[in-house]
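Take a look at the letters that make up each chain.
2 protein chains.
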Amino acid sequence: MPGATLYTALPSPMPLHRGGEISAGVIAYETWGTLNAARDNAILIVTGMSPSAHAASGPLDPTPGWWEPMIGRDRSFDTERYFIVCVNSLGSCKGSTGPASAHPDDGLPYRLRFPSISIEDVADGAAAVAYALGIERLRAVVGPSMGGMTAQAMALRHRQLVPNLIVMSCAARSSAFAIALRSLQRQIVRADPGYANGQYAHAIDVATGMGLARKLGVATYRSPQEWRERFGRERQKQERSDDPFASEFQIESYLDAHARRWAGGFDPLSYLYLSRAMDWFDLTDYGDSVEAACRQMAVEHALVIGVATDILFPVEQQEELAEALAAAGADVDFQSLPSIQGHDAFLVDIPRFAPVISRFLDRL
Amino acid sequence: MPGATLYTALPSPMPLHRGGEISAGVIAYETWGTLNAARDNAILIVTGMSPSAHAASGPLDPTPGWWEPMIGRDRSFDTERYFIVCVNSLGSCKGSTGPASAHPDDGLPYRLRFPSISIEDVADGAAAVAYALGIERLRAVVGPSMGGMTAQAMALRHRQLVPNLIVMSCAARSSAFAIALRSLQRQIVRADPGYANGQYAHAIDVATGMGLARKLGVATYRSPQEWRERFGRERQKQERSDDPFASEFQIESYLDAHARRWAGGFDPLSYLYLSRAMDWFDLTDYGDSVEAACRQMAVEHALVIGVATDILFPVEQQEELAEALAAAGADVDFQSLPSIQGHDAFLVDIPRFAPVISRFLDRL
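The listed protein sequences correspond, in order, to chains A and B.
First residue of the first sequence: 1, per the working numbering; consecutive thereafter.
First residue of the second sequence: 365, per the working numbering; consecutive thereafter.
Read the hints as simulated data drawn from the structure, not as lab findings.
Nothing here was measured: the structure is a model prediction, and the numbers come from that model.
C-beta atoms are modelled at their ideal positions from N, C-alpha and C, and glycine is treated no differently.
Please note that the accuracy of each hint is not assured.
[Unchecked claim] With a straight-line cut-off of 20 Å between C-alpha atoms, the simulated EDC-like cross-links for lysine to aspartate or glutamate are:
1. A:K94 x A:D78
2. B:K458 x B:E432
3. B:K601 x B:E612
4. A:K94 x A:D61
5. B:K601 x A:D285
6. A:K237 x B:E500
7. B:K458 x B:D569
8. B:K601 x A:E68
9. A:K237 x B:D649
10. A:K94 x A:D205
11. A:K237 x A:D256
[Said to hold, decoys possible] Computed beta-carbon distance windows for the label pairs:
12. B:S480 x A:P104: 22 to 32 Å
13. A:D285 x B:D652: 50 to 60 Å
14. A:P244 x B:E598: 15 to 25 Å
15. B:E598 x A:Q296: 45 to 55 Å
16. A:D242 x B:G471: 17 to 27 Å
17. A:E234 x B:P377: 29 to 39 Å
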């Protein structure tokens, strides 16, 4: 079965936001639906930190994608009406050029030779895909979590491309609390002896550190309310173990399972680079205030969706972004959803997210 | 300068709540003020997971204690009126018998030979100090954080000793979220190669893992609101570093400083044992409900103090305990304080905590 992944070559060399450049870089993406003759029905999805471009199944890759219930006939991203493009972030390890890619000079993985990646560079990479497809004006850019930052950076740096913006579970910049958690995740990865100062041979060598960092991620991507309802203080079946501190509670085995699925499947340095990029991104780098930055965009309609139980990007931060976009002249729909599933609700609470998105897209 | 620490010998052997026993165990404690002739003016403080018995300075140890502003003449725990006793938890490494203590058989540290410690055992150890001082009825037991669980267990297991109860920033049991965070902290410690499956030579050998676990603790002991106000997105002065992921933001250096102060200063296995004990404690082990458990206490007056920004023990959980105590017949004062300092507010937001405690004690 051939994969559905397509590639766009980046300008070579491509200069980066914080200095340095990438040569012979590519961006991986997938598409669903058909670009119309006017080339004005394209919706571009930029992702959170870890997903690939495989947001949904398709004829060339029937495995379910990470946003499967959102993309397809009669779904919010209706493939009968729209041409949907999902882009893998520059710096990731899911097809786009990143620290695990081969360095053009010697064919060995870049590792720490990879230059610093900013959200601005991720945005430029996503825009390059749109331009390569002959699209000058997207119907909308959609960004959940880190993708919300990428979408904002696209709206700033590629004004004509982004008349309409959907930002989900994100903010104009990370809070001290979010930075603290991500900084700790990065330290946990680097404390794993298998990390070997970035000179690990294979991602799986850093499985312990990546697994622990993932658990901390999962702990902050969902909400205490959800876990109380799902797990409470229920015990799991005890397996015999020599470890006196083995998992006992169901919540612990849930986290164990998440760590196992993740470890080895994501490049540790891609994780470190993109995690740091999220800390760095700050819309007020583009003006004295969030509003001043929004005035430099050309956004006509915006949908900002927050979730009341989001620990990482509290809904107040999302409201701040919505208000700034409105003050800058955009027609803004701000939705604070009462989901109990926290930051990751956009992945799982489809019944709440889907109608809000459909309604917004219908109005464009 | 001689230390102010006193010791009470535990019954030997002392049977433990989950089986096993401790021989020749001791509990470390300190006192301030004078026990009156009626022996009815004693207030016993049981601590959070890590503090020693040195809650305040005194003639024999003038260094400031961990609750210095609360203890002394004209302070909430007024040493002119009350005889204040602070107990180091059984299982800790601050004077009481714990995994770092010498095993009576061979004089070597117990390490993993130490039996499983429950909050119930910590409570029995604290009660042993009161009995050894000739106290049959305390004026009150005061427990912040883990100490709040110890105080509840004392009220259940030593009914006559505990007519009045102050529980701060605690609950009748840990939530799935709190268990998840502590489970992760324990795994981080155990993932440190220096932990050596519990056979480390010195606490400092586990400095990396303990430091990272501490950072996660600090991240959850305070509140995002406080950090936004204190640190925002301010950068620290950059020191030259070979580490491409070195700390950049002030919040990161704040956490670094916490980790440095902690690492080597607390025994890793004491941490693992007491952390697990907090997961295990569940007041409903003593009845079908929190209320049923409270009916087995003989508490006349209770003060339950929660903090609106507590992530670890959300104020709803504290309200649940307050309502159960009231339904069981106690005269209950429930205070939800608007502190922004989160779980650890009892240590730092003295202006909010002190008057509430003084008022409660005055009424007894």
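Is the straight-line distance between the alpha-carbon of A:K94 and that of A:D61 20 Å or less? Given that 20 Å is the threshold and the Cα spacing comes to 15 Å, the pair holds.
Range first: 29 to 39 Å. Now tell me if the beta carbons of A:E234 and B:P377 are that far apart. holds, 34 Å
A:D285 paired with B:D652, Cβ distance criterion 50 to 60 Å: Distance hint for A:D285, B:D652 holds at roughly 57 Å.
Distance restraint between B:K458 and B:D569, which requires alpha-carbon spacing of 20 Å or less: Status holds; Cα separation ~18 Å.
Does B:D649 lie within 20 Å of A:K237 when you go C-alpha to C-alpha? Answer holds: A:K237 to B:D649 is near 19 Å, not above 20 Å.
Do the Cβ positions of B:S480 and A:P104 conform to the proposed distance bound of 22 to 32 Å? At 57 Å between Cβs, range violated.
Agreement of A:K94 and A:D78 with the hint, judged by alpha carbon distance not exceeding 20 Å: violated, 25 Å
Hey, A:K237 versus B:E500, does the alpha-carbon distance stay inside 20 Å? violated, 43 Å
Keeping to a limit of 20 Å between CA atoms, is the pair of A:K237 and A:D256 held or broken? Holds, at about 14 Å.
Does the structure keep B:K601 and A:D285 at a Cα separation of 20 Å or less? Answer holds: B:K601 to A:D285 is near 19 Å, not above 20 Å.
Assessment of proposed distance window 15 to 25 Å (beta carbons of A:P244, B:E598): violated, 42 Å
At the C-beta level, are B:E598 and A:Q296 separated by a distance inside 45 to 55 Å? violated, 24 Å
This entry does not satisfy hints 1, 6, 8, 12, 14 and 15, going by the numbered hints stated previously.
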